[in-house]
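Enquirer: Residues per chain are reported as follows:
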Amino acid sequence: MNIHKLIKKTEAFLNSDERKRKQKRKYLKEVIHKLKKHEKALKVKLDKESSGGAKEELEKEIALVRAQRKKGLKNLKALKKVPTGK
Amino acid sequence: MMRKILLPIIFSFLAYGFWISPNFKEIAAGVAIFLFGMLALEEGFKMFTGGVLESLLRKTTDKLWKSLSFGVISTTLMQSSSLVSVITISFISAELIPLTAGVGIIFGANLGTTTGAWLIAGFGLKVKISAYAMPMLVFGVILIFQKSKGLKGIGYILSGLGFLFLGIHYMKDGFDAFKGTLDLTTYAVEGYPGIFLFVLIGLLATVIMQSSHATLVLIITALAAHQITYENALALAIGGNIGTTITAIIGALGSNVNGRRLAGAHLIFNLATAIVAIVTIHQLKDAVDGISNWLGIADDDHTLKLAVFHSLFNLIGIVLMLPFINMMVKVLTRTIKPRELTSAQPRYLNTANNELPDTAIEAVRKETLRLYDNASEIIAGGLSLPLEGILSETPVEEIVAKSRKPVAIDIDESYNQTVKSLYGEIVQFISMAQTTMQPDQSNELFSLRAAGRDIVEAIKVIKHLQKNLATYLVSDNEHMRQEYDLIRTRLASVIRAIEVVRQREDDDSSTVLSLDAQKLAMVEYENSLDIQLNSLIRSDLITPAMSISLMNDSGYASDLTKNLIQMGEILFSTGDMGLRDAERSISLDEDEVDELLQETKHTN
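As they're listed, the protein sequences go chains W and H.
In this text, residue positions in the first sequence follow the numbering used here: the first is 1, and each later residue adds one.
In this text, residue positions in the second sequence follow the numbering used here: the first is 1, and each later residue adds one.
Keep in mind that the hints were calculated from the coordinates and are not lab data.
Among the hints, a few may not be true.
Stated by the list, open to error - Straight-line Cα separation of at most 20 Å, DMTMM-like style, residue types lysine to aspartate or glutamate; simulated pairs:
{"id": "1", "chain 1": "W", "residue 1": "Lys71", "chain 2": "H", "residue 2": "Asp591"}
{"id": "2", "chain 1": "W", "residue 1": "Lys71", "chain 2": "H", "residue 2": "Glu595"}
{"id": "3", "chain 1": "W", "residue 1": "Lys80", "chain 2": "H", "residue 2": "Asp581"}
{"id": "4", "chain 1": "H", "residue 1": "Lys562", "chain 2": "W", "residue 2": "Glu61"}
{"id": "5", "chain 1": "W", "residue 1": "Lys24", "chain 2": "H", "residue 2": "Asp581"}
{"id": "6", "chain 1": "H", "residue 1": "Lys128", "chain 2": "H", "residue 2": "Asp301"}
{"id": "7", "chain 1": "H", "residue 1": "Lys601", "chain 2": "W", "residue 2": "Glu56"}
{"id": "8", "chain 1": "W", "residue 1": "Lys26", "chain 2": "H", "residue 2": "Asp576"}
{"id": "9", "chain 1": "W", "residue 1": "Lys74", "chain 2": "H", "residue 2": "Asp581"}
{"id": "10", "chain 1": "W", "residue 1": "Lys20", "chain 2": "H", "residue 2": "Asp581"}
{"id": "11", "chain 1": "W", "residue 1": "Lys70", "chain 2": "H", "residue 2": "Glu590"}
{"id": "12", "chain 1": "W", "residue 1": "Lys55", "chain 2": "H", "residue 2": "Glu599"}
{"id": "13", "chain 1": "H", "residue 1": "Lys149", "chain 2": "H", "residue 2": "Glu42"}
{"id": "14", "chain 1": "W", "residue 1": "Lys22", "chain 2": "H", "residue 2": "Glu42"}
{"id": "15", "chain 1": "W", "residue 1": "Lys60", "chain 2": "H", "residue 2": "Glu592"}
{"id": "16", "chain 1": "W", "residue 1": "Lys70", "chain 2": "H", "residue 2": "Asp591"}
Unchecked claim - Distance ranges between label pairs, derived from CB positions:
{"id": "17", "chain 1": "H", "residue 1": "Val141", "chain 2": "W", "residue 2": "Arg66", "range": "54 to 60 Å"}
{"id": "18", "chain 1": "W", "residue 1": "His33", "chain 2": "H", "residue 2": "Pro338", "range": "54 to 60 Å"}
{"id": "19", "chain 1": "H", "residue 1": "Thr574", "chain 2": "W", "residue 2": "Arg66", "range": "21 to 27 Å"}
{"id": "20", "chain 1": "H", "residue 1": "Leu267", "chain 2": "W", "residue 2": "Lys36", "range": "52 to 58 Å"}
{"id": "21", "chain 1": "W", "residue 1": "Lys36", "chain 2": "H", "residue 2": "Arg334", "range": "49 to 55 Å"}
{"id": "22", "chain 1": "W", "residue 1": "Lys29", "chain 2": "H", "residue 2": "Lys66", "range": "27 to 33 Å"}
{"id": "23", "chain 1": "H", "residue 1": "Pro338", "chain 2": "W", "residue 2": "Leu73", "range": "33 to 39 Å"}
{"id": "24", "chain 1": "H", "residue 1": "Ile249", "chain 2": "W", "residue 2": "Leu73", "range": "40 to 46 Å"}
{"id": "25", "chain 1": "W", "residue 1": "Arg66", "chain 2": "H", "residue 2": "Leu267", "range": "54 to 60 Å"}
{"id": "26", "chain 1": "H", "residue 1": "Thr435", "chain 2": "W", "residue 2": "Glu49", "range": "50 to 56 Å"}
{"id": "27", "chain 1": "H", "residue 1": "Leu369", "chain 2": "W", "residue 2": "Lys55", "range": "33 to 39 Å"}
{"id": "28", "chain 1": "W", "residue 1": "Lys29", "chain 2": "H", "residue 2": "Leu369", "range": "27 to 33 Å"}
{"id": "29", "chain 1": "W", "residue 1": "Arg66", "chain 2": "H", "residue 2": "Asp410", "range": "41 to 47 Å"}
{"id": "30", "chain 1": "W", "residue 1": "Lys40", "chain 2": "H", "residue 2": "Glu595", "range": "21 to 27 Å"}
Backbone N, C-alpha and C define an ideal beta-carbon position, used for all residues, glycine too.
Isolated chain H (complex conformation) (with noise of 0.2 Å):
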């Protein structure tokens, strides 16, 4: 509702400004392209997200002053507090790094957003910046064009540069212009009425404009040019810092419990300074006066003594919030519960992580591996058997022997209420999450699809085995038991294969390749059962009857293992996408392990 009404009241407001003032149009075209070439310039920097910032960003926040660091300088280079938190948020959610780590960045990134400042007072406004925006629009336009990723990526960067210069320039020129006609520093108000309502000025031009950015380079071309007052300026960019964190907020509705505690932490921290600001202002106005005069600037240089402010009261935040950073953590986790999720739900499937590739693959394979525990319980109740059983270290012969009544479970019941829509919001995620990214990277997410196929087409495949196996386990017929015993023992050690796969801890012994073994072993039990089937019927110990459900109920098993195998070397494959590739591709298929299986009877 509030967003249908707002859209068209601010077209109306901006409109009524263009017809009256052809300056406040140029001052609007600029924030426009300044706001274009932010969003150019996060578009750059996703393209490089491909594994370098993902990589570095889990290597440099193992420690609060990594993260901290990490904050800073990520913020500078890239000139985006936005597109830092909602990277971190991303990797929150996907709990790749520790709400602490991600604490940490996001107060980094608040003082690495200052820098922005700095560059534009100390440059932006010294210099004929449209002098340096031309070149690097055009020679970023034509890098666009380029099929290479990376050159496609710095190709968005440069022009993002360059429409951010531009923009500047056209909010200089606007605001410069404006003097002669107009003096807004006549609106200006004293005191604390005036900070307080260019507070609020600065907050609602941050939600507005969605970036703390252009509402500062407003402030500082405005300063500049004169038209606001250096007092309201300062009062501007602590609202400024206050309304940034909205972003965060929208951007964390959509992600997991720990992505809204970090947006928590960011509302905190920036309210916290902005407080501690407004109390604190007139003494850190005297600050700033000291220190720049230490640097020397000049006395009347506002824009660059604005640059101070913006600095200084960001790292008194720090300096405030660190030690009671661990604290904030915890206050934050008892305050933000999780919502009350089934197992269908999707718990690490959010836009946020949309975003970003890597990122949107790792949580499309930690929701696969969800679908699996939640497929593995209905599959160790088809096989009536314990999961906690087969998952633990017991030989599973013994399992299997004291196992020895049905357990009634409604595979469809269970299957639609805990598989099927959780598989739904997968395959949707990977449709969407796919468009923005590179052909090795959707082929991985189409992995991850076909194992979550794997997965559901094992669930029906125990709904076809699960009345047998419930009817010859309590059967008068002790080859009919022990022959469906063989068949549970078979299918539980593949559970349990891939459990040991699942949990391994950098030992070489088990990757995935470790699952060959049981396709090794399915292949030895059915020619086993060959034999074993004709010296049964021959004997008269089972009717024909009875043979073609074994035979029927082993193809069953073996199809069975060949989903979970599959699914299995997909899910758990770790490190590196070119490493998951290698091991895929020498694992052995149907042909080579029948060749296998001839070579080792020959040895023996």
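Pulled out of the complex, with its shape left as it was, chain W reads as follows (with noise of 0.2 Å):
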């Protein structure tokens, strides 16, 4: 292998925009991870309460996280490898 290609492979793995890309959708993954876990421990809690309005503001914080769940899928979906055209 030559210096410059050497250099190149190099950079490519230092500064790439590809690793640029995984990361960002590695991070997204785990805060998606979070909502849902955080979205499963509201529901059992909802499905453990009895007060009316209790249950009304579970209700309405399930469906926040749900909201930003469906968002940062949208987002990771977006984040999908686009073909380069090579």
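Could you fit the two chains together into a complex? Lean on the hints.
Expert: Rendered as structure tokens:
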């Protein structure tokens, strides 16, 4: 492998858009996973709740978390690998 | 004053030296090239401080032996104890690592720096070192011209090493040539007066060059050319060890109390080690001879023996001081007190932090948190509510119902005293720090600056709200009282929600995304207010003028909520920069909140 190729490869590794995109996806997945866990916990709480007011609050919170998760999934889809056209 | 005189004196001395001796010129040029190499090396390592070094430092300093090893290894790799000291000081002043860990690193760095002597004595003098320097410089400079940050960093490190080697080569040549014309050993001084004199010379040389490493190379090359005696070389090395603390002290001057304490620990360690080394110099020499014999170092190989001596006396220092490390930290904490800080003075912003991107960001975040603390006092005062109450677990409605006395707070004055100048300092620090940053790091700083702007805006809004809130708090009109209590409740809930997010400890349920619930609640409130206002006016329970006040003030409350939530989303998102960005990217905007509200209405 000549020096030029080596430099290019190292550069590609250190600074590529591909790496950034992958990282973004990784973080986004992490947040979505957290939200999913949170949503499940809220649902369990909702099942146990008997007071009407508290139930309504929990339902609202679940809807909010679901909306955020949906937005996250939409963003994740947008970050899917785009063909480079090579 | 001293500085003004010192520089011309040094310049004149050097110019005179160059005039009378071309060899002296070569040695001085060698030192200059060597120091330039150190600068390039530091620049190179700084390129990699955008995460790797910081996260390593955080993970590897939780135990004393770990911080000690970290000091040894990082200094060995970077060949610069001053860079390690500066990084440690900046970490300590940003309160990312405790003082004990910092002291451990500094102790380790003292041992790590002795590897330099081994490298130069064992390798630098034995081979034709300039042969390595040339290709390193060529490859290094080519890499510096590359766009990628990583390659640039490698380029700086490579050319830094190249310059170090080249510097050593010139120093060696200079001293070799010197041998023919002048024998410096005739100036050698025997016995303790000699030791003290050369300790002082070593100290001064290190202070001037700001590098004990450079002093050591100078000593070793001079020793190799038989221009100084072995005994005097040992004394010079001890002096260099004391002198190196000056760099740390200068670095700590602008830092906060912990930075100064660390510099104090550095000084105590090096001074105590030096005293022990001076007192026991003859025994140490015998020990060095014994160790050298054991290692197979020739009796007359004084340069390698100097390396043994340097390592030995620093090791003895560590062994002696380690048991007292906690005591030392206690004494330093007691004797070096924080400067009296008003809440308007910055606590975390200092020039040492400015050097490292991630630490600078963390310092700005912590300072903006203080800005928020100052501002929340003002906002709570403007709402005529006690801040402790808002932040407690008592239901907000209860706190609002209890607090019926308007609080007389001069918002303008409080703003000028505790917020304006601090925000000014933050903005100035950001402008200076961001020049050396990568785009995503500067973006983070700009977000933090925007968070500060939100805090300032929030104070302006509360100033508008204050008058009516105070008036209707004690109004005879029960409906207006209730409506304004609703505004107070709403805003107090926002402050509490922000506090919950701030206090969370890895609890998934309270990420900054949970602040979106406050956006939703605010829109719900605004919608219900519209209905309520109509009904109140229709029933003639409030005057039209009152309804306009209420409409304006609910608008202000909505602005205040937006400001606080935007600020909270930036200030309280933690973890990696990427994770923070991901969190922020899915928080709901106004349209999405409206949409969600419509959806929940339909389902109910």
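Enquirer: Could you see if the CB distance from Lys36 of chain W to Arg334 of chain H stays within 49 to 55 Å?
Expert: holds (51 Å)
Enquirer: For Thr574 of chain H and Arg66 of chain W, compare the CB-CB distance with the range 21 to 27 Å and indicate the outcome.
Expert: Holds - the Cβ-Cβ distance for Thr574 of chain H and Arg66 of chain W, about 24 Å, lies within 21 to 27 Å.
Enquirer: Lying within 41 to 47 Å: is that true of the beta-carbon distance Arg66 of chain W to Asp410 of chain H?
Expert: holds (46 Å)
Enquirer: Is the Cα-Cα distance between Lys71 of chain W and Glu595 of chain H 20 Å or less?
Expert: holds (13 Å)
Enquirer: Range first: 21 to 27 Å. Now tell me if the beta carbons of Lys40 of chain W and Glu595 of chain H are that far apart.
Expert: Check passed, 24 Å falls within 21 to 27 Å.
Enquirer: If you draw a straight line from the CA of Lys55 of chain W to the CA of Glu599 of chain H, is it 20 Å or shorter?
Expert: With Cα atoms ~17 Å apart, Lys55 of chain W and Glu599 of chain H stay inside 20 Å; holds.
Enquirer: Between the beta carbons of Leu267 of chain H and Lys36 of chain W, is the distance compatible with 52 to 58 Å?
Expert: Given a distance of about 54 Å, which is inside 52 to 58 Å, the answer is holds.
Enquirer: Indicate whether the distance between the beta carbons of Ile249 of chain H and Leu73 of chain W respects the range 40 to 46 Å.
Expert: violated (55 Å)
Enquirer: Are the Cα atoms of Lys70 of chain W and Asp591 of chain H separated by 20 Å or less?
Expert: holds (15 Å)
Enquirer: So the hint says 33 to 39 Å: do the beta-carbon atoms of Leu369 of chain H and Lys55 of chain W match that?
Expert: holds (36 Å)
Enquirer: Is it true that the CA of Lys24 of chain W sits at most 20 Å from the CA of Asp581 of chain H?
Expert: holds (8 Å)
Enquirer: Lys80 of chain W and Asp581 of chain H were given as a pair; does the straight-line alpha-carbon distance stay at or below 20 Å?
Expert: Holds. Lys80 of chain W to Asp581 of chain H sits at ~17 Å (cutoff 20 Å).
Hint compliance for this structure: hints 14, 18, 23 and 24 are not met, and every other hint is.
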